[in-house]
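The chain contents come next:
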Amino acid sequence: MQATNISFQVNGRYILKGVSFDALPGKLLVILGSNGAGKSTLLKILSGELIASSGNVILDGIDLNKHATAELAKFRGVLHQQTALNLPFTVYEVVMMGRYPHYANTPQQADHTTVNNVLAQTGITHLAHRNYLTLSGGEQQRVHLARVFAQVHYTAKHPIRYLFMDEPVNSLDILHQHTTLQLAKEFAREGNCVIAVLHDLNLGMQYADNILMLKNGIMVCCGNTQQVLNSEVLSTVYDFPLKVLTHSLYNYPVIIPAFAN
Amino acid sequence: MQQKNPNRVSVILLAILLITILLSVGMGAVTIAPMQTIAILAKQAGMAMHASFTSEQEAVLTIIRLPRVLMAVLTGATLAIAGATIQGLFRNPLADPALIGISSGASVAAVVFIVCGHHLLAHLPNIISMYALSLATFVGAFLATLVVYKLSQVNGKTIVSTMLLAGIAINAITGAVTGMFTFAANDAQLRSITFWALGSLGGATWRTLSAVLPFMCIPLLVLPAMSKSLNAFALGEANAQHLGIDTERTKRIIVLLTALCVGASVSVTGVIGFVGLVVPHIIRAITGPDHRYLLILSALAGAVLVVVADLLARTLFAPAELPIGIITAIIGAPFFLYLLLKDRKFQRV
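Residue numbers (the working numbering), protein chains in the order written: chain A, 1 to 261; chain B, 1 to 349.
Take these hints with a grain of salt, some might be off.
Unchecked claim - Non-contacting residues of chain A with respect to chain B, defined by C-beta distances greater than 12 Å in every case (computed):
id, residue
1, 25
2, 34
3, 57
4, 112
5, 159
6, 223
7, 225
8, 230
9, 238
10, 258
Claimed, not checked - Where chain A lies over chain B, by a calculated footprint (3+ residues, C-beta under 8 Å):
id, segment
11, 238-250
12, 284-291
It should be emphasised that the hints constitute simulated quantities derived from the structure, not laboratory data.
All C-beta atoms in this analysis are idealised placements derived from N, C-alpha and C, irrespective of residue type, glycine included.
Build the full structure now, drawing on both the sequences and the hints.
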């Protein structure tokens, strides 16, 4: 997927300006940046919910706007930060909605199999027959995670599938923050393209293959986590002294505030 | 509440509907026993049965009762399915054809037609005059829906809250227009207008039934095919689109079809409130929110409700007839309040 020169203007003010990058299959790309940097706006443009003031997005070799809605849904899933669902569907029914692009009127055996697999994968099999409205916020978020995974489950016709996630771990506890990102990473490893907007720097650095940094609507850097990962860039982006350390036991980066109390 | 098997519920509802139809056609000034009704119908179909009946009973059944009860079935089914569809579209269980101005658009067209229509009708060929009122109410319903729909479009997307507010504005405008025409109306017309405001199935004949049949049957057959789209709409429009639903097309079809069936039902029966609001709520409580079952089961239950309400309307104070809208409001409004209180936690809008 290529995004070229994406700008987005509201009332003459730039929310995004000239953002260009490639998102590669097999890689988890994490978008980071301070509040109001334009992360969610960028993801909305990539998923077609907002139309960029200028620039274009090429997905699977074709301009995003030229994809047929029904076909696109078979290999691209979008997970929102919040989903307003006010009807008492069961968890199973909600996850089955992810299969809607794949069947006409009645779910096939393969759709039921996929849903059951995904429920197990996301660890919510025990919730399958619960009323969605009676779940906690974190559980509801995991149900929607399962729903998009059910949507972009393997299809022979589309070897590369796409998954866009806007702050997928926001209301999750630490266990499920990590299991969610592990699932996203595994999905990328299968040769798919995953883009996630994250808030938590440590989580982002730990799981990302590539990182895109935004500040005030402008792309500060985009590249391999090792390249982007340095204390100066981070401190500039967040206007806050930060230092990158490498954890002595587990060999992954840890970001800490760089000042003494 | 444990959800029931939708197939079993549909069989039960169908049985209840047949029983209420059989009872309803038999009750009134002339009593007809269920066996007699069956014998009369068999005779019409060219078969002979042992049960005996008078020619008066036969005439009452075939000329008066049968078209009226069938009209009740169709009206109830279309109002309930329209209500369920609109609620799905707006992701708001309180939405109703009356709420977003479809019904009032239809009834204002009917009122204008009653007061001004006789001048027009004289110049129209017979076949058109038969469909004229249905067409007028459909146009009224459609225009109201179109105005609400256009007003609520922002950057090619429908903003639901604006749509609801626009519906309130349409209701106010149509209310004012209806009020103006009641001033201009003569006594006979005033009676008709009152009838429209409160609803009645007294005008149902084979002729009026055939005039609205196509307008009601098309939505009844097509809307259930929208159930997957409506389920996806529950996740919000953006998510529905990500699930491959052409949301704009879905909205257009739903708006057109609900205007069609609500307009048709208003043209014969006037405004019958609460059916579209209460019936889907009951069905949701029994079999869950999946539109695959909700739409069809609502249509069946709506038919039962209106057949029973019409039976009460014409027998409670016989020989006088109560407007059916009063009956549905008496049954519907308290029930609705009960639902609001009980399900308050599900009403996060």
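Each hint, compared with the structure:
1. 25: 20 Å, holds
2. 34: 25 Å, holds
3. 57: Since the minimum Cβ distance to chain B is about 15 Å, residue 57/A lies beyond 12 Å and the statement holds.
4. 112: For residue 112/A, whose nearest Cβ neighbour in chain B is about 15 Å away, the distance exceeds 12 Å, so it holds.
5. 159: Nearest chain B Cβ is 19 Å from residue 159/A, so the label holds.
6. 223: The assertion about residue 223/A holds, with a minimum of 28 Å to chain B.
7. 225: 28 Å, holds
8. 230: 36 Å, holds
9. 238: The claim stands: residue 238/A keeps its Cβ more than 12 Å from every Cβ of chain B (closest is about 29 Å).
10. 258: Nearest chain B Cβ is 39 Å from residue 258/A, so the label holds.
11. 238-250: With 8 residues close enough to chain A, the hint holds.
12. 284-291: This one holds; 4 residues, not fewer than the three required, reach chain A with a Cβ under 8 Å.
Comparing the model with each numbered hint stated earlier shows that all of them hold.
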